Amino acid sequence: MALILNEEQQMLKEAASGFLQDKAPVAQLRELRDRADERGYKENVWKEMVDMGWAGIAIPEQYGGVGYGYMGLGIVLEEVGKHLSASPLNASILAAASVIMKAANEAQKAELLPSLASGELNISLALEENGQHKTSNFETTATPSAGGYVLNGEKRFVGDAASADKLIVAANTDKGTQLFLVDATRKGVATESVTMIDSRNSARITFKDVELSAADRLGNDQDTSSSLSEAIDIINVGISAELLGISLRVFEMTVDYLKERKQFDVVIGTFQGLQHRAAHLFCEIELGKSMVIKALQAIDAGEPGISLLASATKAKMCEVAQLATNEGIQMHGGIGMTDEYDIGFYIKRARALEHSFGDRNYHLDRFASLSAY
Amino acid sequence: MTELASFQAETRQWLEENCPESMRQPFNSESEWCWGGRKFEFISEDQRIWMQRMGEKGWTVPTWPREYGGGGLSKDEAKILAKEMRALGCRKPLESFGISMLGPALMKFGNEEQKREHLPKIARGEIRWCQGYSEPNAGSDLASLATKAEDQGDHYLVNGSKIWTSYADQADWIFCLVRTDSSAKHDGISFLLFDMESKGVSTSPIRLISGSSPFCETYFENVKVPKENLMGELNKGWTIAKYLLTHEREMISSIGESFATVSPSKSALKTIGTDSEGRLANSALRRDCAQMEIDGMAFFLSLERGKDEAKAGQGMGAVSSMFKYYGTELNKRRMELQLAIDGADSMVWQDDPKVPALWLRSKANSIEGGTSEVQLNIISKRVLGLPDK
Numbered sequence: 001m002a003l004i005l006n007e008e009q010q011m012l013k014e015a016a017s018g019f020l021q022d023k024a025p026v027a028q029l030r031e032l033r034d035r036a037d038e039r040g041y042k043e044n045v046w047k048e049m050v051d052m053g054w055a056g057i058a059i060p061e062q063y064g065g066v067g068y069g070y071m072g073l074g075i076v077l078e079e080v081g082k083h084l085s086a087s088p089l090n091a092s093i094l095a096a097a098s099v100i101m102k103a104a105n106e107a108q109k110a111e112l113l114p115s116l117a118s119g120e121l122n123i124s125l126a127l128e129e130n131g132q133h134k135t136s137n138f139e140t141t142a143t144p145s146a147g148g149y150v151l152n153g154e155k156r157f158v159g160d161a162a163s164a165d166k167l168i169v170a171a172n173t174d175k176g177t178q179l180f181l182v183d184a185t186r187k188g189v190a191t192e193s194v195t196m197i198d199s200r201n202s203a204r205i206t207f208k209d210v211e212l213s214a215a216d217r218l219g220n221d222q223d224t225s226s227s228l229s230e231a232i233d234i235i236n237v238g239i240s241a242e243l244l245g246i247s248l249r250v251f252e253m254t255v256d257y258l259k260e261r262k263q264f265d266v267v268i269g270t271f272q273g274l275q276h277r278a279a280h281l282f283c284e285i286e287l288g289k290s291m292v293i294k295a296l297q298a299i300d301a302g303e304p305g306i307s308l309l310a311s312a313t314k315a316k317m318c319e320v321a322q323l324a325t326n327e328g329i330q331m332h333g334g335i336g337m338t339d340e341y342d343i344g345f346y347i348k349r350a351r352a353l354e355h356s357f358g359d360r361n362y363h364l365d366r367f368a369s370l371s372a373y
Numbered sequence: 001m002t003e004l005a006s007f008q009a010e011t012r013q014w015l016e017e018n019c020p021e022s023m024r025q026p027f028n029s030e031s032e033w034c035w036g037g038r039k040f041e042f043i044s045e046d047q048r049i050w051m052q053r054m055g056e057k058g059w060t061v062p063t064w065p066r067e068y069g070g071g072g073l074s075k076d077e078a079k080i081l082a083k084e085m086r087a088l089g090c091r092k093p094l095e096s097f098g099i100s101m102l103g104p105a106l107m108k109f110g111n112e113e114q115k116r117e118h119l120p121k122i123a124r125g126e127i128r129w130c131q132g133y134s135e136p137n138a139g140s141d142l143a144s145l146a147t148k149a150e151d152q153g154d155h156y157l158v159n160g161s162k163i164w165t166s167y168a169d170q171a172d173w174i175f176c177l178v179r180t181d182s183s184a185k186h187d188g189i190s191f192l193l194f195d196m197e198s199k200g201v202s203t204s205p206i207r208l209i210s211g212s213s214p215f216c217e218t219y220f221e222n223v224k225v226p227k228e229n230l231m232g233e234l235n236k237g238w239t240i241a242k243y244l245l246t247h248e249r250e251m252i253s254s255i256g257e258s259f260a261t262v263s264p265s266k267s268a269l270k271t272i273g274t275d276s277e278g279r280l281a282n283s284a285l286r287r288d289c290a291q292m293e294i295d296g297m298a299f300f301l302s303l304e305r306g307k308d309e310a311k312a313g314q315g316m317g318a319v320s321s322m323f324k325y326y327g328t329e330l331n332k333r334r335m336e337l338q339l340a341i342d343g344a345d346s347m348v349w350q351d352d353p354k355v356p357a358l359w360l361r362s363k364a365n366s367i368e369g370g371t372s373e374v375q376l377n378i379i380s381k382r383v384l385g386l387p388d389k
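Same order as they appear, the protein sequences are chains A and B. Positions 1 to 373 (our numbering) are the ones given, in order, by the first sequence. Positions 1 to 389 (our numbering) are the ones given, in order, by the second sequence.
Any given hint might turn out to be false.
Stated by the list, open to error - Within a straight-line C-alpha distance of at most 27 Å, the following computed DSS-like cross-link-like pairs (lysine-lysine) qualify:
{"no.": "1", "chain 1": "A", "residue 1": "262", "chain 2": "B", "residue 2": "389"}
{"no.": "2", "chain 1": "B", "residue 1": "332", "chain 2": "A", "residue 2": "259"}
{"no.": "3", "chain 1": "A", "residue 1": "262", "chain 2": "B", "residue 2": "381"}
{"no.": "4", "chain 1": "B", "residue 1": "354", "chain 2": "B", "residue 2": "242"}
{"no.": "5", "chain 1": "B", "residue 1": "307", "chain 2": "A", "residue 2": "13"}
{"no.": "6", "chain 1": "B", "residue 1": "311", "chain 2": "A", "residue 2": "13"}
{"no.": "7", "chain 1": "B", "residue 1": "83", "chain 2": "B", "residue 2": "121"}
{"no.": "8", "chain 1": "B", "residue 1": "224", "chain 2": "A", "residue 2": "259"}
Stated by the list, open to error - Partner residues are not named here, just some residues of chain B that face chain A (Cβ under 8 Å, in silico):
{"no.": "9", "residue": "33"}
{"no.": "10", "residue": "248"}
{"no.": "11", "residue": "250"}
{"no.": "12", "residue": "270"}
{"no.": "13", "residue": "271"}
{"no.": "14", "residue": "273"}
{"no.": "15", "residue": "275"}
{"no.": "16", "residue": "280"}
{"no.": "17", "residue": "284"}
{"no.": "18", "residue": "294"}
{"no.": "19", "residue": "380"}
{"no.": "20", "residue": "382"}
None of these hints come from the bench; they were simulated from the model. Every value quoted in this text rests on a predicted model; they were computed, and no experiment measured them. Note that beta-carbon positions come from the ideal geometry of N, C-alpha and C, so glycine has one too.
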């Protein structure tokens, strides 16, 4: 398949760009941060996104989605990265819906996916337990009981928990790793909001003797670590698309600045020392872009070996986004360090994304393991 | 059966009947490449026959028009030919600067007579060309070249010298940048074609750190070149030179493409072995292998995307500079990594195509055809629009 956007995808990209520029620019994230907004995004903006079909963009039509595939979601996420637009698109759609697609049984998909696509329901994924990403061997346990299971443990870095109606909790059971759908208001669930560097909503959630029924378990009664892992591959590709958007926007801001900032009576963009660094950065971003497009297409085509490509893409985009944001700040000089200037929001969001679902080192290591070395 | 399907069937049959068995093996080294030309010594009768048959059919240059010795194939047909050749393991019948560099420029800037004279001979591998660009005092600043061509009425008198002329000692003809006006820099350069057997032309190979001598110094002493051998307009040679350099960059990045999907980890597993968990025993090297393979994958996909965008008419512009820069730097990294994998064994001297010589040769990748720094200049100015002053 040609590594370019088709006409429909190009139109989606332009529409997303226009909408986000207008309705959810970086100034809005600044405003949400300044007043320590509890939810972390504007509900009316999210509602408009839902009305445009974004919540159901990657959800198949049979489950009430739009069926544009992950290429469609990736295009939107890239634009989200350019504008740092806050919404539950990452937590509820990229993460939770993907996990449901991969790990839930047919009845659960038919019940949950249409509600996610229509925006009636928000779900967040409660996966991590400490700063190091993992996909199995959780400390959180779901112990079989007379009524079903009893859930105990603590989850961290749960995105958009403040607005989540339900949580998908990864826990260790007698069968291995299994996933449970838990009402956020269920007895024994305690949510503590945590302020993250990127000003996006996040929480630490404890589960104390939470009673669950067998029907709350996603999928059939077996180890679901491989389905979870497949979903996380998709999530990492989506994150890579957002990182691409961030890199592209920071690069644009930086090149513009090189053309306007004067020192020694000339614009600093005339200096070869800066030109070559900018040109190198351009190449790295272009390479990352090729990976993101390929990985999104491969997901939609159901190609085998997605894991290798997903880890390669995430590792590359972490590297590219680090270079873009670090060089961006350095080339801006002092103004790049000020809170008043937007670039700081970009470097913070970039790092927060890099450190979710495995950073560069995690994925380099995983790439090598998957390649049998 | 659709037209393409019957073309595919005919092509397969023709290749099976005409490609000699020994030409269906992968090349063991560059020394087995076929360059053609008057002085070429074929390594076997099969090599000669294969070049000749493909040349007669025009399939050395499948998409060139038939009247210029090409195959006259559409892009889709050419794709099928390439696919069928791959399926059968057919060797590339002819390696040629005439095909990869001069041909496209001739097609665009040459007059009808020049096209009819030179293109068919390139296609059939009869004439081997070399490129007279760099001079001892004109490297990255190519447009400062000083080799002079003086108007003598019915001919030009050429004096000066070129350097880094690839395979000049084995070439039959040269396409050469000469100064026809010393009062202007870029606008005083013309593009000449002439026979290397002309009186006053001499070459001397330059031995490189890798031990091989692919490049020559080439001298011109009162060489008479007929006026009709001027390609394009007088003093407009720089435009042709730039066009041709784009093709050269593409050719050099395609070398990067062939290595992009090679996995260094495979040879590392052999020399280093694994730990108790099956991981490559040297964790620093393991990381370098992973990074290299990911970058190789990203580069390969970018070349693919570049082609797809060009086909869809959304070319990125100056992409050839990006690929030239990134591909050659990647290749240098790859060779350094190979030394790390082979360890002190890589320090035992071995000629091309063994690692020590290839490692040293790779250092030229980011110098020839425009240095990495020149490519970054081009990207800065033409893609990013950063100002000169």
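Status of the hints after comparison with the structure:
| no. | hint | in the structure |
| --- | --- | --- |
| 1 | A:262 x B:389 | holds, 11 Å |
| 2 | B:332 x A:259 | violated, 32 Å |
| 3 | A:262 x B:381 | holds, 18 Å |
| 4 | B:354 x B:242 | violated, 34 Å |
| 5 | B:307 x A:13 | holds, 22 Å |
| 6 | B:311 x A:13 | holds, 21 Å |
| 7 | B:83 x B:121 | holds, 26 Å |
| 8 | B:224 x A:259 | violated, 50 Å |
| 9 | 33 | violated, 30 Å |
| 10 | 248 | violated, 19 Å |
| 11 | 250 | violated, 16 Å |
| 12 | 270 | violated, 11 Å |
| 13 | 271 | violated, 12 Å |
| 14 | 273 | violated, 10 Å |
| 15 | 275 | violated, 11 Å |
| 16 | 280 | holds, 5 Å |
| 17 | 284 | violated, 12 Å |
| 18 | 294 | holds, 5 Å |
| 19 | 380 | holds, 4 Å |
| 20 | 382 | violated, 10 Å |
The structure does not agree with the numbered hints 2, 4, 8, 9, 10, 11, 12, 13, 14, 15, 17 and 20 stated previously, though it agrees with the rest.
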